[in-house]
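Asks: Once you have looked at the hints, place chain B on chain A.
Protein chains: 2
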Amino acid sequence: MPIKGLTNEQAAMVQHIKLLKQQAGSHSPSLFTIKEQLPDLKMNIDACFLSNPYATDLFLRYFKNELLGDDLLIRDMLEFYPSQNNVIASSLANFLKVPADMLFIGNGAIEIIQAVIHNFTTEKIIVNIPTFSSYYEFVQPGVSIVFNKLKKENDYKLDVNDLLQLVNYEKPDTVVLINPNNPNGGYITKAEIAELLEGLKNVRTVLLDESFIHFAFENEAMELMSYADMVMKYPNVVTIKSMSKDFGIAGIRAGYAIMHPSRAKQLLENGFLWNSNGLAEYFFKLYVRDQFQKEYEVERKRYIRDTQEYFKNLSAIEGLKRYPSQANFALIELKTGITADDFAFGLLVKSGVYTRTCSDKIGLEGEFVRLASRSHDENEEIIKAIKEAL
Amino acid sequence: MPIKGLTNEQAAMVQHIKLLKQQAGSHSPSLFTIKEQLPDLKMNIDACFLSNPYATDLFLRYFKNELLGDDLLIRDMLEFYPSQNNVIASSLANFLKVPADMLFIGNGAIEIIQAVIHNFTTEKIIVNIPTFSSYYEFVQPGVSIVFNKLKKENDYKLDVNDLLQLVNYEKPDTVVLINPNNPNGGYITKAEIAELLEGLKNVRTVLLDESFIHFAFENEAMELMSYADMVMKYPNVVTIKSMSKDFGIAGIRAGYAIMHPSRAKQLLENGFLWNSNGLAEYFFKLYVRDQFQKEYEVERKRYIRDTQEYFKNLSAIEGLKRYPSQANFALIELKTGITADDFAFGLLVKSGVYTRTCSDKIGLEGEFVRLASRSHDENEEIIKAIKEAL
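Protein chains in written order, with this note's numbering: chain A, 1 to 390; chain B, 1 to 390.
Extracted from the complex, chain A is given alone in its bound form (with noise of 0.2 angstroms):
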């Protein structure tokens, strides 16, 4: 069943990117590739893409003024070696207190994720799922994955119970957390988080993946939230911290994990000389600067507060279900009897809206599609195509 309103030649293009996401595997085809493949396309908004765009804005804004002037520094950027991981982990070690040799530099996260998977995790790993599909994908030949299934009647909410259980049953090497978990969004509390790491502390590696933690808050203030201290009084969490997403620069490869020294050390001693490049050591030298904070916080809270309001107008839209998230996405299940690849491609060919099926994602049963939150006026846009379409 199509969306509602396509013509013949839509209906043609709806099957064409059918097929480069099968080849794209487990992750969405990039824009790029389908821009390239089909030119007559025209894509208006990228709900795929889990980014703060008033924080992509803001960095704009510095990165034109600061490098692209009459003096054109971004040219020592592109031409020179970027410094090496240790030097950069010093520049943020005082702004994220940690030592600095607890600090390790990725080529984003997900370089991050493959590092520590392929390195520390050698026998069983959990992984609670619905999940980035990653964490089970670059596990190594001879070691065991364990799912742990969320459960649909709890929203898919992590039940730290059940976890702890299964946990003691399968006694694995490494358990991994995602917190605000994707795709779903859902979040495991500051007493929750305590509860489990305790529960957790004999297990020798447990990935805590903070990636959406700016999106999520537990008060009226919208206090940034993180566990990433919880390293100090856990050696065995390794915290995973993109930056694609708060600071919507996904191109840029910008990452750091928090992990004991001797796991640093281990990993700097063979490898990962110069994984950063010249804009991502930029980036992360304008990330701790005071004047740049203050003004981050305030499109961080700008857009929660567009966020909030977007999921409310969801959740009014008949024919779907919206699942509680506190990161800048929102699973829907789809209840009209459309598959989730026949309405995210719909949407995409008759409205312009780029939106993440979760056709390929295990652990969900139904038709689910995963919608970022984008500016205000987009936000308005994409609910008003979703309308449309059902």
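Source of the hints: derived by calculation from the structure; they are not laboratory data.
Computed footprint of chain B on chain A, listed as stretches where at least three residues anywhere in the stretch have a Cβ under 8 angstroms from a Cβ of chain B:
| hint | region |
| --- | --- |
| 1 | 42-56 |
| 2 | 68-81 |
| 3 | 131-140 |
| 4 | 250-257 |
Beyond 10 angstroms from chain B on every Cβ pair, some chain A residues (computed):
| hint | residue |
| --- | --- |
| 5 | Asn94 |
| 6 | Leu166 |
| 7 | Met230 |
Every residue gets a Cβ at the ideal spot worked out from N, C-alpha and C, and that includes glycine.
Replies: Chain B only, in chain A's frame:
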């Protein structure tokens, strides 16, 4: 013994830089680091940095025209996820005349060196020394390293028979060939490469690093050399190519490897998902364009001619010996009794010329400094500064 004409203050700065050098280990401290620590230091010429400055200028012209216009297309490269590894490989495959499934795109050649050695070297590696240190530093615990010591009396040029004899005796699973070699620029001719690869065909992995091959030539027309097509004949060969040297874009982090499809598949199966950044993707797309290639060839040959003149002028300086090189740098041996560190850091402090001391390089007997070829005018200044210093 310091270089000629240093003040006390300058001598103290030399000591400070020696300390930074110790901290940076087996690589030079980055320009950023030195500038941060010694704000008073005037660095005029970076003759550590192995790149064609004319190619950087060429790239910058395209970059400015295409990405920094009123529509600021660079925003797309910063904001959005880059394409996955196999997509970038596809756009390179035609140009390189190899199937896309034999290409692996790296976050700089250094990521490829790491990936190949971590994944395919399990027992014993033979490395010709002097060499680029990562080739032995990235070897994982438990792997034996055997050094094939290039002979000083042979000007550190690789002797094919010596290496083949050592390989027969040691039976390594990996042999590293860098052509031209770093840090001396020693060149392996086409005929020698053919003999070597035939003799090494029973070794599991032969790494052929061609990061400096664009500066080598065997005829007067200075036609581009490359033995990358050897991978088609010898499936055990992995060719590694940095783009930082010939295009002068080390800050972008771009490199590629040609390898047997089963190896590329193994690497991509559980990692390296978004390991290129947006600007690296832009660079690779530019790299394969006819017009850019045509203009690049002009700049490549111009730079080779300048480099040859520079080499000739270096040879004429008394108190040093210049070693034969087909790369864009020359190794010089200091014969006046000064140490390499005192010479290199003295030259930096006194004349603002930053050269690469080889005091940390294993396999060199004597006091050696590596001098990059820069632009024509800069090369003249380097020559002048060295003459004053000795």
